[in-house]
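K.L.:
The whole structure should be built from the sequences, with the hints applied where relevant.
Same order as they appear, the protein sequences are chains C and L. The first sequence begins at 1 in our numbering and counts up by one. The second sequence begins at 1 in our numbering and counts up by one.
Derived by calculation from the structure, the hints in this document are not laboratory data. The C-beta atom is built at its ideal place from N, Cα and C for all residues, glycine as well. Keep in mind that the hints are not guaranteed to be accurate.
FRET-style restraints, in silico, Cβ to Cβ [to be verified]:
#1 C:42 - L:58: 21 to 29 Å
#2 L:115 - C:13: 19 to 27 Å
#3 L:53 - C:42: 20 to 28 Å
#4 L:75 - C:48: 38 to 46 Å
#5 C:39 - L:58: 31 to 39 Å
#6 L:107 - C:39: 47 to 55 Å
Next come the chains, spelled out residue by residue.
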Amino acid sequence: MDSLEQDLKRAMARREPPPGFAERVAAQAARTRRPAPRRWLAAAAMLVLMAGGAAGYRWHQGMVAKQRVLLAVKIAGGTLYRVQARVKEMRP
Amino acid sequence: MPRSGLDFDSLVRQHQAMVFSLAWHFLHDRAVAQEVAQDVFLALHRNLAKIESPEHAQFWLRKTAARRAIDEVRRRKRRSQVALEEVAEPAAPTGAPDPMLDALLRRLIAALPEAPRMVMILRYQEDLDPAAIAGVLDMPLGTVKSHLQRSLALLREKLQRRGLGGT
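P.N.:
In structure tokens form, the structure reads like this:
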């Protein structure tokens, strides 16, 4: 190795990073160890909520339809009763 | 937990000077070198399970630090690519004391194009032989030797021009 190469080895010798470097790296690595919020979990929760909402809406629509049918049956029953009563009155 | 049972904090303490210096000599900017070194160690943390031995850790860190430093230069485009022949010659009196010569050499190295610059850093900072440098940089051995010879010749010429020797 000639003198230039020796000069280069000296000039290019390793240097220590600023104080606290290793601690900062360790702290940052520790932060990355925390489990990241799972996107799939949020998506699944959203899906469950949407499915629940749809099921609830269908149940509500069913109840409304049932109420309407009951009302129609009630009205029809009342009308039939009145017609029968009138027919009975008209018989000799 | 890594297969080798290596401890991350110990690896950081053991190799911080090597990783930081590779980045600093290449980038010639302490703050950016610190960022790059930090990124390299965080990448090591993510890949710790793949590290098989202390030697593997050292090789992995050298390779990753070299790659990240080169990427950083390309990304930031801070330094324009200047051939060594075109670098302005810093004023340095004949018979300059070693710290000045050291600083001059580091400036001349920092002015080299990317590939020969990293080759010179791995040769003189890390004391790697050309075959090992070729392994770290995934570069043909002949190219490594050519970069070394050409860079040394240019440095010698620069130094001799201002009477600083360079035998």
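K.L.:
Go ahead and decide if the range 47 to 55 Å is satisfied by the Cβ distance of residue 107 of chain L to residue 39 of chain C.
P.N.:
Given about 48 Å between the Cβ atoms, the range holds.
K.L.:
Quick check: does the Cβ-Cβ distance between residue 75 of chain L and residue 48 of chain C fall within 38 to 46 Å?
P.N.:
Hint holds: Cβ distance 43 Å, inside 38 to 46 Å.
K.L.:
I want to verify a distance hint. Is the separation of the beta carbons of residue 42 of chain C and residue 58 of chain L within 21 to 29 Å?
P.N.:
41 Å Cβ-Cβ, so the 21 to 29 Å window is violated.
K.L.:
Honestly, do residue 53 of chain L and residue 42 of chain C meet the 20 to 28 Å range at C-beta?
P.N.:
violated (40 Å)
K.L.:
Using the Cβ atoms, figure out if residue 39 of chain C sits within 31 to 39 Å of residue 58 of chain L.
P.N.:
holds (36 Å)
K.L.:
With 19 to 27 Å as the target window, see if residue 115 of chain L and residue 13 of chain C comply at their CB atoms.
P.N.:
With a Cβ separation near 22 Å, residue 115 of chain L and residue 13 of chain C satisfy 19 to 27 Å, so the hint holds.
Hint compliance for this structure: hints 1 and 3 are broken, all remaining hints hold.
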